[in-house]
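J.: Protein chains in written order, with my numbering: chain Z, 1 to 353; chain Y, 1001 to 1249; chain R, 2001 to 2069.
Quick caveat, the hints were computed from the structure, so don't treat them as lab data. Keep in mind it's a predicted model, so treat the numbers as computed, not measured. A portion of the hints provided could be inaccurate.
Just a few of them, taken from the derived set where beta-carbon distance is under 8 Å, the chain Z residues facing chain Y [claimed, not checked]:
| # | residue |
| --- | --- |
| 1 | Gly-47 |
| 2 | Phe-64 |
| 3 | Pro-80 |
| 4 | Leu-84 |
| 5 | Glu-87 |
| 6 | Pro-204 |
| 7 | Ala-206 |
| 8 | Val-207 |
| 9 | Leu-211 |
Every residue gets a Cβ at the ideal spot worked out from N, C-alpha and C, and that includes glycine.
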Amino acid sequence: MARMLMKGNEAIAEAAIAAGCRYFFGYPITPQSEIPEYLSKRLPEVGGVYLQAESEVAAINMVFGAAGAGVRVMTSSSSPGISLKQEGISSIACAETPAVVVNMMRGGPGIGSIQASQNDYFQAVKGGGHGDYHNLVYAPASIQEACDLMAKAFDRADYYRVLCMVLGDGMLGQMMEPVEIKPVKIAEYDKSWATTGWDGVSRPRAVINTLYITVDELNELCGRLQAKYKIIERDEVLFEEFHLDDAEYVVVAYGTVARIVKNAIENLRAQGIKVGLFRPITLWPFPMLPLENIAGQARVKRFAAVEMSAGQLVQDVRLAVNGKKPVELQSFLGSNVPGPGDIAEFIRGLKTA
Amino acid sequence: MSKAIFTKTKMLTDTPTHYCPGCAHGIVHRLIAESIEELGLSHKTVGVAPVGCAVFAYRYFNCDMQLACHGRAPAVATGVKRSRPDTLVFTYQGDGDLASIGNAEINSAAARGEKICVFLINNAIYGMTGGQMAPTTLIGQISTTSPNGRNPEVNGYPMRVSEMLATHEGAYYVERVAVNNTRNILGAKKAIKKAFEYQQNGHGLNFIEVLSTCPTNWGVSATEAMTWMEENMLPYYQLGVKKDKEARQ
Amino acid sequence: MPYIKVDNETCKGCGLCIRACPKKILRLSPTVFNLKGYNPAECMDSAQCTGCRSCALTCPDVAITVYKD
Chain Z
1 MARMLMKGNE AIAEAAIAAG CRYFFGYPIT PQSEIPEYLS KRLPEVGGVY LQAESEVAAI
61 NMVFGAAGAG VRVMTSSSSP GISLKQEGIS SIACAETPAV VVNMMRGGPG IGSIQASQND
121 YFQAVKGGGH GDYHNLVYAP ASIQEACDLM AKAFDRADYY RVLCMVLGDG MLGQMMEPVE
181 IKPVKIAEYD KSWATTGWDG VSRPRAVINT LYITVDELNE LCGRLQAKYK IIERDEVLFE
241 EFHLDDAEYV VVAYGTVARI VKNAIENLRA QGIKVGLFRP ITLWPFPMLP LENIAGQARV
301 KRFAAVEMSA GQLVQDVRLA VNGKKPVELQ SFLGSNVPGP GDIAEFIRGL KTA
Chain Y
1001 MSKAIFTKTK MLTDTPTHYC PGCAHGIVHR LIAESIEELG LSHKTVGVAP VGCAVFAYRY
1061 FNCDMQLACH GRAPAVATGV KRSRPDTLVF TYQGDGDLAS IGNAEINSAA ARGEKICVFL
1121 INNAIYGMTG GQMAPTTLIG QISTTSPNGR NPEVNGYPMR VSEMLATHEG AYYVERVAVN
1181 NTRNILGAKK AIKKAFEYQQ NGHGLNFIEV LSTCPTNWGV SATEAMTWME ENMLPYYQLG
1241 VKKDKEARQ
Chain R
2001 MPYIKVDNET CKGCGLCIRA CPKKILRLSP TVFNLKGYNP AECMDSAQCT GCRSCALTCP
2061 DVAITVYKD
């Protein structure tokens, strides 16, 4: 498709179609409802199925059923809806059925607000549901990046048989930007494990199961999952470095907040302050090693995590930096969106701390 | 040489079931498995097991199976059927799974006229978790969470699921059957087979409620349980067809 | 003459077949135990068996096979 001005939610929905997704089960919730709205029109046009479920709980379980039947399937929601989906997400991780979930974060807790937020970082990367599992979590900072990551999410989901979450926020979903939905070369993966009807001979009987009633069975399953996660942690880390070559102060931020940080950095650089940005694109697997290497450089004096939450990303930054350098936090609560000035002022303060 | 006139269907695996002696789950498993085999649809079937005593059903039905979270089987089945419309999809659920935590799922699937078969095995109690009160537990019936007998002032009234679902425009076929005697078992088989035929012909929702027993948690023997069902459940849960759009045409 | 064959190891001795048999010719074996410790069902008098299959139809474990010449 040619480059167009599109609303984030709608661009992401079109990108899902380009990535070969033909099944969507979802439920309305601000600020992501344009995704189901758009797909309710587009999916039938491409021979797909759009179904509005009775709740987010039902929706994720419909996704689970379709994923277990071996098709590319997704849902989308926002914070409270993602909370409702956690049992299903845990089951999808356990049964290793590929799926994609788009989460446009909004202010919480409770009903919270409908404005953007980053207060669900823990929920996304520390496992919002029960059990030892991980989802591959991508955090786009622009609509173009979100669309590119949708293709990656569907591919990695099939490749690793995991659930991939594309984690945006209300701003990313609601704003319009020029974007090009690129054609996707869809790789095929063996899905003989899927429940497509068993002829009794051509493959083993397919059972999509999450019950491992004996310790040995569950231990074996968990071991297999952890081994898979180790490979993902080794091979799937994505991040961006911005003005870090000579940086003395390193800001860590993701998503739309990272873009605002970039503006602040441009202004500060103009005033001769050597500050740069480290932007994780995969929140899980978190880029521990790259950040650890940066922390090891002598010229780097101090880190600062900037996030629209009470301080969640900062914990992983501290884990990566591991005490080598101090790590400050600039926290924006209640869906307050930081301005470049707020951030610049905070970073200037780092110099004197 | 004598000829076998009744043998075990190949749609059931060789795995011995974990069900308690005399538990009617085993009977219903056979009726469903035989129906699928006789219709020649085993190769297209995808079953969805519940959370409850039948959580291990995927070990017994000899076809592709999925295991749903508690109460979510109709949603999982919807996902399977919508993405693989040529499969024959059924859910197998207990009364706690379907009528309590899964109430929204079954009602919405019925309202949507989902082209699946749903089998509710109603034994008026939670079996797997050890005998707690269920939505279908009868007034005065003792359970581990209604130790003095179910009191409607506190716990409300038993739910007649078939009648409830029959009010949905999207419900195509709704019947309540029982497996307490040979005649009713044969009747239940007919209903279950018809449900699959309707799905095969592109209709839904097809819903069969099977009155069943739980000797262990009712605290009676297997044979006494059948009698208890007859004396207590049959009067409250009337057998028969609650809706059959095909028959009306 | 019709007769039944009970898979002793599958039978859980629940007695439903005994209740269902119209001829009342089934019982739990007073002597045989299976590996699970159940007394499996057995037919006391095959001559009276009509091959009606009631026992097999009600057996939750599908442990009964019915034969007819």
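J.: Return the status of the interface hint for Leu-84 (chain Z): holds when the least beta-carbon distance to chain Y is below 8 Å, violated otherwise.
T.: violated (12 Å)
J.: Holds or violated: is the Cβ of Gly-47 (chain Z) closer than 8 Å to a Cβ in chain Y?
T.: Check failed: Cβ of Gly-47 (chain Z) comes no nearer than 12 Å to chain Y, outside 8 Å.
J.: Closer than 8 Å between Cβ atoms is the bar; does Val-207 (chain Z) clear it against chain Y? Give me holds or violated.
T.: holds (5 Å)
J.: Interface hint check: Pro-204 (chain Z), Cβ to nearest Cβ on chain Y, cutoff 8 Å. Holds or violated?
T.: violated (10 Å)
J.: Should the interface hint for Leu-211 (chain Z) be scored as holding, given a Cβ-Cβ cut-off of 8 Å against chain Y?
T.: Check passed: Cβ of Leu-211 (chain Z) comes within 6 Å of chain Y, closer than 8 Å.
J.: Taking the closest Cβ pair, is Phe-64 (chain Z) under 8 Å from chain Y?
T.: For Phe-64 (chain Z), the interface hint holds, since the closest Cβ of chain Y sits about 6 Å away, which is under 8 Å.
J.: Grab the minimum C-beta distance from Glu-87 (chain Z) to chain Y and call the hint holds if it beats 8 Å, violated otherwise.
T.: holds (6 Å)
J.: Double-check Pro-80 (chain Z) for me: the hint is only fine if its C-beta lies closer than 8 Å to a C-beta in chain Y.
T.: violated (17 Å)
J.: With a cut-off of 8 Å, does the beta carbon of Ala-206 (chain Z) approach a beta carbon of chain Y closely enough for the hint to hold?
T.: Constraint on Ala-206 (chain Z) satisfied, holds at 4 Å.
This entry does not satisfy hints 1, 3, 4 and 6, going by the numbered hints stated previously.
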